[in-house]
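J.: Model the full assembly from the supplied sequences, consistent with the hints where possible.
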Amino acid sequence: MRPDPFTYHQPKSLAEASSLVAELGDGATFYAGGTELLLLMKMQLAEYRHLVNLKKIDGLKTIGVEHDRLVIGALATHCDIALSTAVSKHCPSLSRLCSEIANIRVRVAGTIGGNLCFAEPRADPPVLLVALDAGLQLVSAHASRVIPASEFFLGPFETARKPDEILTTIEIPLGTGAASFERMKQGNYSLATAAISRSDCHQTWIGYGGGPPKRLNGTGALLDRDDGRTSEEALFAAVAEDIFDLEIPSDLEAGESYRRHLIAVAVKRALASLHETEPTGVH
Amino acid sequence: MRPDLLEKVSGKAEFISDVSIDGMAYGKVVRSTEPHARIIGMDVSRAEQANGVVCVLTGADSGLLTQTDWGLFYEDRPVIARDRVRYVGEPVAVVVADTQARAEAASRLVVVEYEQLSICATPEQALAGDAPVLHEDFRPISDFYFKGTARGQAGTNVFQDYLLERGDVDSAERSAQRIFEHSYSFPGIAHFAMEPHCAIARFDHAGLTIWSGAQSPTAVQKVLARVFGLPIARVRVIVPYVGGGFGGKASVKIEPLVAAAARKAGRPVKVLLSAEESMLTCRRLAAIITIRTAIDAEGAILSRTGDIVMDGGAYADTGPAVALKSAHRLVGPYRLPNLRIRARAVYTNTVPGAAFRSIGGPQAVWATESHMDEIAAELGEDPVDFRSRHLLQRGDEVIDNLRPLDVDPTVMMDAAVEATTKGHNHASRGLALAVTDPGILPVAGAIVRVHADGSVEVRSMSVEIGQGVRGVLQRIVAETLSQPPEVIHILDPDTAGAPYDWGTGASRSSMIMGLAVEKAAGDAVSKLLALASEAFELETTAISLAPGGLKLGDKTVSFGDLFHAAHGIDSGDVTGQASITPRSLDGKLAQAPLFWETAAAACTVSVDPDTGVVALDTYAGVADIGRALNRSAAEGQEEGAAVQGLGHALFENLVFDDGQPMTAMPLLYRVPRLSDVPADWTTVLIENGDGLGPMGAKGMGEGGILGMAPAIANALARDHGVRLRDLPMTPERVWTALSARKWHAS
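For the protein sequence lines, the chains are D and L, in the order given. Residue 14 is where the first sequence starts when you use this note's numbering, and the numbers rise one by one after that. Residue 4 is where the second sequence starts when you use this note's numbering, and the numbers rise one by one after that.
It should be emphasised that the hints constitute simulated quantities derived from the structure, not laboratory data. Treat the hints with care, since some could be wrong.
Unchecked claim - Only some residues are given here: those of chain L computed to face chain D with a beta carbon under 10 Å: (1) Arg-111; (2) Thr-614; (3) Val-616; (4) Phe-654; (5) Met-665.
Note that the Cβ used here is the ideal one computed from N, Cα and C, for glycine as well.
T.: Below is the structure:
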């Protein structure tokens, strides 16, 4: 099916874009690649009368190091990030993740900002970015703020972004330690994703398809306690306890107990690749 | 090179979805959201008033039709639902508008009011004593598309009940040392052709013309003639390139609906389904198969029984033939002195079942070849040795009264084993064998016309659907006429110009249409020689064809020279025409099957113990095809079929939950990818030139799909200790089996 007719706006500045969406209200949204949005509109699951394209605004695709941060413009495509030498040097796990997202047609059109703002609970980038302690800069016509990625994702398809706010940059602090991620993907989406970063302690985050990235505190504490010597049994037990109360989806793609198991496998493998990448990683 | 390939990779090839007709409007189908319901109200007024809308076709328009219901074994399917729907996706209205976008927008304004009826979502429910009956009125039609009559039971949901019997199974089982029984399940599978269903219909003074991506254009022609009360001579079907079908575009699908929309609109109408809609149009029949084998004290098979129940969906389509063939294909290339196989197909409130590459084959072979390995394991015998002791030989009878076996199963099995062993001494590998009897009707015709400029047109109804048939026909005509292939032009199938042919499917075109064009080209040669003999006053024995024209002794003349000499102007043509019938080749085509389509498959797999993900590491497929008429196309078909079988084995599953399709969209339906295909892949084509087709060819293209799933399951059992009996073998199922095994071991 085709989407219902809509008006396509091409503002030249952030302020103009933000004001447009504020004026047009509920029927308007930002367009930052369309790999998710247009799919929903074609399936009649989302209806917008106005799309405000952000791709014509200068400066939103820049990737580089500024002071102690890797700064990625939100309109950079997955492909831009995968091919960036700055990203592969300072954050190889993100580089790998972006090179493996969906398929090449999605990677050349879809943007990191679009991905994060869509907040698909099965998406991988949010999990890694919260583990990397990334900050997200949100800009509207009147204000600008930076919030930690861990406070950005509120639930499936739900974020802290206000309707007229535009995610402009993702800032990843450098020199905080190694980070790794692994995902368990069998169909079109990941069933489980894990990301572990280590500065002075292990930050262990998972994606499980049911909500925002979830931090596994017990597992992180276990890894801090007996670094490098954790047995699989102990690790799996710690993960199981951390996710015991979590509402894990159960559907045709996979049942709940298999998904719980895959979360532990993802953590195990993320830990293994963390050990492999140390001490390079983010530094 | 195949003549279609350059056109396709350069984007010049015209597929049905590319075709545009003057004055054409676009239809969008409104589909039932209920698995079984009475239509108690329909409001199309808002849709009719929407921008650009030409008309809305509904069941209330059935008066436009001479015959309101059609089918291949039963006239059980309404052109458009009248007062009742039987599956989610059944067409209830077609909104016709001047653009595709307007038709789609207006289609959302149609309001249908349903009163739910109790449903049969599964074969178990359909067979229950108190099941709602989906079709009260049984009207079987005989010898309409396939030979024979379906044996349904009026007052029930069983639309086919076929029994294949030999010897006395009961007394064999009484004398048996051991009896093994296992049950297997096979899900519904989407055809998933790259191009969805599409058709354009136009009524005018000449009658009805339909452009369609159809595999069986003459069946479409016949059904449309009945539905609209037209002479067959006034129904014209044209088929450009088709972007894949695999049986999903065989027999008749959306054409009656599209033509009805055009009849009401009073102008040409095009309907192009989405990929999702194609998944709601037809599918492979799901099956539950229980199989039992009796063994004597020496370990020899005494008897086999099989009970096959197929989920045929809401309308029978060609399901009765699918069920019949599944019984034949459960036999396998083995000596089975006593045999009793019952195959039933039942109506359920799901997407209608239909033909799919080797009808009933993958379902039956999945069961029978898994079962063979399970018996071997119980007997503590190597599966190769166990099979060897029971293998049929060339000339043996597989099924009574059918053509004796025309291949050597031992040679095929050994080739598959050898290709996957390769000196590595892999003790563990999965193996599967299959024999199938293609349901080929040996009826076809062709016209080969030689023009004055030396170009040659070939008119046949064989559809180029990606398999490379045009290249094969081109080669046969070129060789028969002694002309270079590039002067041979294979025209788009068009019933207005080409003779009757049964259809493109069942591995038949290279063989049957190959014979027809070979004979038609031979007829053209005879006529050219006779004309040259008259024109040049020579004995025909002194004349032969040569590239660009004819050789008269040591002199060469062009076809233009010939027509000039014969007609006084250098214009004219010679038309060769031929038919193939069961009496052709001195009656050799009368016995079924025309050849046995056989397969041997072997593979090794690895399993990720953490996740249950199965990876195919090595694969070998063997086919006896008599003669490869185009080697790369033949290998492509064999390998494509096996990769499609890999989808059946590991990924694909059309799930219905209380009749609601849960995975009928590409986003939720995983098909095999190139990254799932191992580099270590061997394809062996056995060529003894012993087929009845041109140059000794047999048909091919379906066998490769048969062995993959059981070969993988058998490798999983031998190498990894888990036996799976349900498809697909998803990571979760494999992991669950691995976990259960670990739990039992501890």
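J.: Please flag the earlier hints that this structure goes against, numbers listed from lowest up.
T.: Per hint list: zero violations.
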